Each structure stands twice: as C-alpha cells, then as structure tokens.
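J.: Modelling step: build the complete structure from the supplied sequences, incorporating the hints.
In the numbering used here, the protein residues as written are 977 to 1109.
Because the hints were derived from the structure by calculation, they are not lab data.
It should be emphasised that the depicted structure is a prediction, and the values quoted were computed from it without experimental measurement.
Any given hint could turn out to be false.
Straight-line alpha carbon distances no greater than 35 angstroms define the calculated DSBU-like cross-link-like pairs of lysine-lysine that follow [as the list claims (entries may be wrong)]: (1) K1009 to K1093; (2) K1103 to K1011; (3) K1093 to K993; (4) K1020 to K1009; (5) K1041 to K1020; (6) K1095 to K993; (7) K998 to K1041; (8) K1041 to K1093; (9) K998 to K1009; (10) K1084 to K992; (11) K1093 to K998; (12) K993 to K1009; (13) K1020 to K998; (14) K1020 to K1103; (15) K1095 to K1011; (16) K992 to K1041; (17) K1093 to K1011; (18) K1011 to K992; (19) K1020 to K992; (20) K1103 to K1093; (21) K1095 to K1020; (22) K1041 to K1009; (23) K1041 to K1084; (24) K1084 to K1011; (25) K1084 to K1095; (26) K993 to K1084; (27) K1020 to K1084; (28) K1093 to K992; (29) K1103 to K1041; (30) K993 to K1020; (31) K1009 to K1095.
Simulated restraints, written as ranges between beta carbons of each label pair [to be verified]: (32) I1006 to G1057: 16 to 22 angstroms; (33) S1094 to E984: 46 to 52 angstroms; (34) A1098 to E984: 45 to 51 angstroms; (35) M1004 to S1065: 18 to 24 angstroms; (36) N978 to M1000: 16 to 22 angstroms; (37) D1066 to G986: 32 to 38 angstroms; (38) Q1005 to E1031: 19 to 25 angstroms; (39) E987 to P1059: 37 to 43 angstroms; (40) A1098 to Q1005: 38 to 44 angstroms.
All C-beta atoms in this analysis are idealised placements derived from N, C-alpha and C, irrespective of residue type, glycine included.
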Amino acid sequence: MNITVETELGEISVEKKYFAQKIMSVLMQIRWKGKFLPANNRPKLLSEDKKPSFESFADVLELSKIDDGIHIIIPLIADFGMPLRSNTSDLIRDIYLEFGKMKTPITKITVHIVGVKSKQVAPRNIKFTVNRK
977 MNITVETELG EISVEKKYFA QKIMSVLMQI RWKGKFLPAN NRPKLLSEDK KPSFESFADV
1037 LELSKIDDGI HIIIPLIADF GMPLRSNTSD LIRDIYLEFG KMKTPITKIT VHIVGVKSKQ
1097 VAPRNIKFTV NRK
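T.: Okay, here's the thing in structure tokens:
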C-alpha cells in the first residue's frame, strides 16, 4: 500500500517499504538493538537473525491517513525485564526524529507490543501511542 503525501511540489506516493526502512534504521541503532524486535501480530519474530527484510517488515506495518498526516502502527516484541513505558516513549521519539529529517507528516505513532521475549515469546497486547505536537 502506498500513502499519498501532498507537498509544495504536488502529490508524492510513498511506499510502505520507505517507512519500514526508516523504522528499521532506528531499531538497529546500538541503543535499541535487541530490545525491540520486529514481529507480526501473532506474535512471531519476523526473522530469527533479528534483522528481517524491509519487505517483510513493511507487510506488518499498518499505515493510515488521518486528518493532519499519517498514523503508523508498529508491531514489536520487547525484551524481557526492561521498563516498557519509558523505553517505548523514547523509541517513538527517536522514530519521530528520524522522520523529522525527511519532513514526512507523521502525526501519530503507535507501538504495539505483541509479545515479551525471554526464553520464549509470551503474548501481550500493549499499545503505546504518541501524537506529534
């Protein structure tokens, strides 16, 4: 699915793979590596080597056009033992900063924690949403 974004130059169609690539670049930073893993909604890891392809990650991202921009829902598995609220809000802030460089109108990001990984993945259904001010 493509999202159409209006700019001063006209309308631009942006693929989900672009959003997946930007989010993966944040998740692969040393600060977040291994703390949050891309997953589908079941919850299953997209890849055992902790770095799925952009295509598979783009397939599980949910993008929707809202009044003033784009809403992204990102399904992730969190590492066991870390404080979810503070780490998730910091992750969302980093994602906003990554998209801020490109002037993409991302107005709402939801991180959907579908599971927590220790020895096995324990299913969860926790959503953290931050609206851009």
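J.: Any hints this thing doesn't respect? Which numbers, in order?
T.: 40
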